[in-house]
Amino acid sequence: MWRILLSRLKQGHRTVAYPGVQPVMPERFRGLPVVEPERCPEGCRECASACPTDAIQAEPQLALDLGRCLFCQECVSACPEGAIRYGTDHRMAAREREDLVLGGQPLESVRALDRKMLRLFRRSLKLRQVSAGGCNGCESDVNVLGTVVFDLGRFGIQFVASPRHADGLLITGAITENMKLALKKTYDAVPPPKIVIAVGACAISGGPYAGHEEVHDGASSVVPVDLFIPGCPPHPLTILDGLLSLLDRLGPERAAGARGHS
Amino acid sequence: MSAPLLSMANGARVAHALLPCLELGAFREAIVRAPSRGRRVSALFGAPRGKGISLYVVLSDDDAGLLECARTELSGDEFPSMTPECHEVHLFEREIAEQWGVVPTGHPWLKPVRFHASYRKESPAAGRADSRPPGVGIMSFFRVEGEEIHEVAVGPVHAGVIEPGHFRFQCHGEHVYHLEISLGYQHRGVERKLVAGPNKRTLHYMETLAGDTTIGHTTAYCQILEALSGRSAAPRGQALRGVALELERLANHTGDLGALAGDIGFLPTQSYCGRLRGDFLNLTALVCGNRFGRGWVRPGGVAFDVDASGIAELEQRLAAAARDVASAVRLLWTSPTVMARFEDTGRLERSTAAELGVVGPAARACGLRRDVRKTHPLGIFQLVHIPLSTAESGDVFARAFVRWLEIERSLEYVREQLRELPRGAARRDCAGLESGAFAVALVEGWRGEICHVALTDETGRFAAYKIVDPSFHNWSGLALAMREQQISDFPLCNKSFNLSYCGHDL
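So the protein lines, in turn, are chains A and B. The letter at position 196 of the first sequence is residue 196 when you use this note's numbering, and the numbering goes up by one with no holes. The letter at position 400 of the second sequence is residue 1400 when you use this note's numbering, and the numbering goes up by one with no holes.
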């Protein structure tokens, strides 16, 4: 007993001050990419051909699809002009799939749920997680939100064991053929109104497995998606920012702030 | 007389032509006799050769630190199963049957592994009428009959935030007679896509075979490329790979001890270790920008070096984490409530573990001296050794305690490496793969032995690439550890193995 109390004293208070205080990400953190099409030399396709998931199109103008991006270094190393680089902004979520395509414009801010849905879910959102054909990286960093560091419960967000107790699904993985039916059944078991959140490149586009016969290239192939959170895997704060933006829990000035130029 | 197998070292390559091609009888004999000769089966797989199928085997001789390899050409669509005489190949043979449609006749438990169609259109997977896959999870499960026996089916969607799998328990009340585990839900067809590589996706497949083992699998892959190109990695890069591998072990072992505490409702250690796992992941992110080490390990060395100030910060944060993890974990061993739940739960007998070919902490918890870092060292582990940690009791306690011993030793190892990093570049060029070659690389990931085997064609592209995640060996160990246990102990037993679904399903 005394040992436990003593250890409690030593371990201290560990919950981050977020969202009150903005987090400092490691210098080498690969957050929201900065895309500058004006730097592109005529006819250059180096980045597009280096990209492992075809997330980049070079013509007619440079554009990077965050939903396919694995946040590797290939395009940055391939570009002779530095037209693509990583920023350290962790905020990357989007409501619409096409908003994830960056072409030099700032990323659209996340539109919160409508008033009716906010009244239901803003202070209490129960989610069922479905893991459907990825690498367990996204699952790990979703799990981390439950630790004392992020303490997801303080926002009223909780993962529940049954879809019947849930307000929505949080989906990871590329949706394998072998998980398609289980995902559909789980979705059907959630009582409406319900929301769906796709976390990670796999759940948005199939990620590294896009185009495989064995997968269905993301959650949208089976269920309608309300929020896309890119990353491979997304940082826990990227996921948290997406969830809180959707629930309008970050305050108007934060939600409206332009992303991507930190 | 034993069959003439080819002995090679971890991380070596040979010309495919030099790999002994045995008669099927001699090939079987080599495998069947492996356990009595003190050898383990690290890999056994099929690959197409013309219209037929060749089988390849990699046996590990842990005492000599050598790998024994051979192949055989199957003349028809079947071969006599080796499983009845050498139990540890049971899942390998099921995999061969499913992938290539060749039947290991006499296999006692020939069921699907990943529920996909055969890779050979003309030969349906063994036991199936046509080439269509049967539908995941649809197979005959082992059943215990009796008036008061009931069956509990769990998954693929579980209660927690975890990967999908299906568990079928045969119970009498709380008592579990048998557990059968059916996987394949995470099957995304990676191995098939590696053929004809490497290409621009290959490295990213390796980093996501099992996302929590990014460093382990990517290191194995890079060692394969280095073997095939005949270029060793830069010494500084090799040392940093060692740092990366041990940081990965630290994060996962710490997380596992926290989760074990959580499964028995011991909240202090659960809370502390949950945070500390993240602290170790953040050390990896400090170096390479990603908590799971994506982008760090690359052919020829590592893509991210550390400078003096980076080393100083790593050392300082590591010291703080080491202090806190010690205080968090020692609570486990001094709390009778914890020990009462850990001890004697989910015991795996040493002989059973050996028979099944169990690897990693689960094997070491039974007293088996299986650790690639020690028995088949490669890279930095050849120069700087890490002690092997074992326990005897084979129960949840032993699996937890081995993790703690390894945490202590990995902490020491990382600190030592950071103090004495070799000078020079962290990466050197590594291109041009030898054609018609065969290469094997083993890495001791945090779950156990990771085995990669590559065969190249006449243009230096992969003709076949085999991946054996430690979970492939160990899932059966979990199933047997659950026998005669309470079903309520399943979460605890499961976590004490903490196996990978995606690494198994590929």
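Just so you know, these hints were derived from the structure itself, not from any lab. Do not take every clue at face value.
Quick list of in silico lysine-lysine cross-link-like pairs, DSS-like style, CA-CA up to 30 Å [as the list claims (entries may be wrong)]:
#, chain 1, residue 1, chain 2, residue 2
1, B, K1121, B, K1200
2, A, K180, B, K1051
3, B, K1111, A, K184
4, B, K1374, B, K1111
5, A, K10, A, K116
6, B, K1200, B, K1111
7, B, K1200, A, K180
8, B, K1111, B, K1051
9, B, K1051, B, K1374
10, A, K180, B, K1466
11, B, K1466, B, K1200
12, B, K1200, B, K1051
13, A, K126, A, K184
14, A, K126, A, K180
15, A, K185, B, K1200
16, A, K126, A, K185
17, B, K1111, A, K180
18, B, K1121, B, K1111
Pulled a few chain B residues facing chain A out of the computed Cβ check, cut under 7 Å [to be verified]:
#, residue
19, V1152
20, P1156
21, Y1177
22, H1178
23, G1184
24, K1200
25, Y1205
26, D1305
27, F1462
Yeah, the Cβ is synthetic: ideal placement off N, Cα and C, and Gly gets one too.
**Restraint check for K1466(B) with K1200(B), where alpha carbons must lie at most 30 Å apart** = 18 Å, holds
**Item:** K180(A) paired with K1051(B) [C-alpha distance capped at 30 Å]
**Value:** 34 Å, violated
**Message:** Need the status of pair K1121(B), K1200(B): alpha-carbon distance at most 30 Å?
**Reply:** 27 Å, holds
**Asked** Does the alpha-carbon distance linking K1200(B) and K1051(B) stay inside the 30 Å limit?
**Response** 29 Å, holds
**Request:** With chain A as the partner, please determine if V1152(B) meets the hint condition of a C-beta pair closer than 7 Å.
**Result:** 15 Å, violated
**Request:** Report holds or violated for the interface hint on F1462(B), using the least CB-CB distance to chain A and a cut-off of 7 Å.
**Result:** Not OK, violated: F1462(B) not within 7 Å of chain A, min 16 Å.
**Prompt:** Holds or violated: is there a CB of chain A closer than 7 Å to the CB of Y1177(B)?
**Reply:** 26 Å, violated
**Message:** Need the status of pair K1111(B), K180(A): alpha-carbon distance at most 30 Å?
**Reply:** Holds. K1111(B) to K180(A) sits at ~22 Å (cutoff 30 Å).
**Request:** Take a quick look at whether K126(A) and K185(A) sit within 30 Å of each other, Cα to Cα.
**Result:** 18 Å, holds
**Request:** Starting from K1374(B), check that the Cα of K1111(B) is at most 30 Å away, please.
**Result:** Answer violated: K1374(B) to K1111(B) is near 35 Å, above 30 Å.
**Asked** Is K1111(B) within 30 Å of K1051(B), Cα to Cα?
**Response** Answer holds: K1111(B) to K1051(B) is near 25 Å, not above 30 Å.
**Message:** Holds or violated: the hint that K1200(B) contacts chain A, with Cβ atoms closer than 7 Å.
**Reply:** Interface hint status for K1200(B): holds (5 Å vs cutoff 7 Å).
The structure fails to meet hints 2, 4, 5, 6, 9, 15, 19, 21, 22, 26, 27 from the earlier list, while all remaining hints are met.
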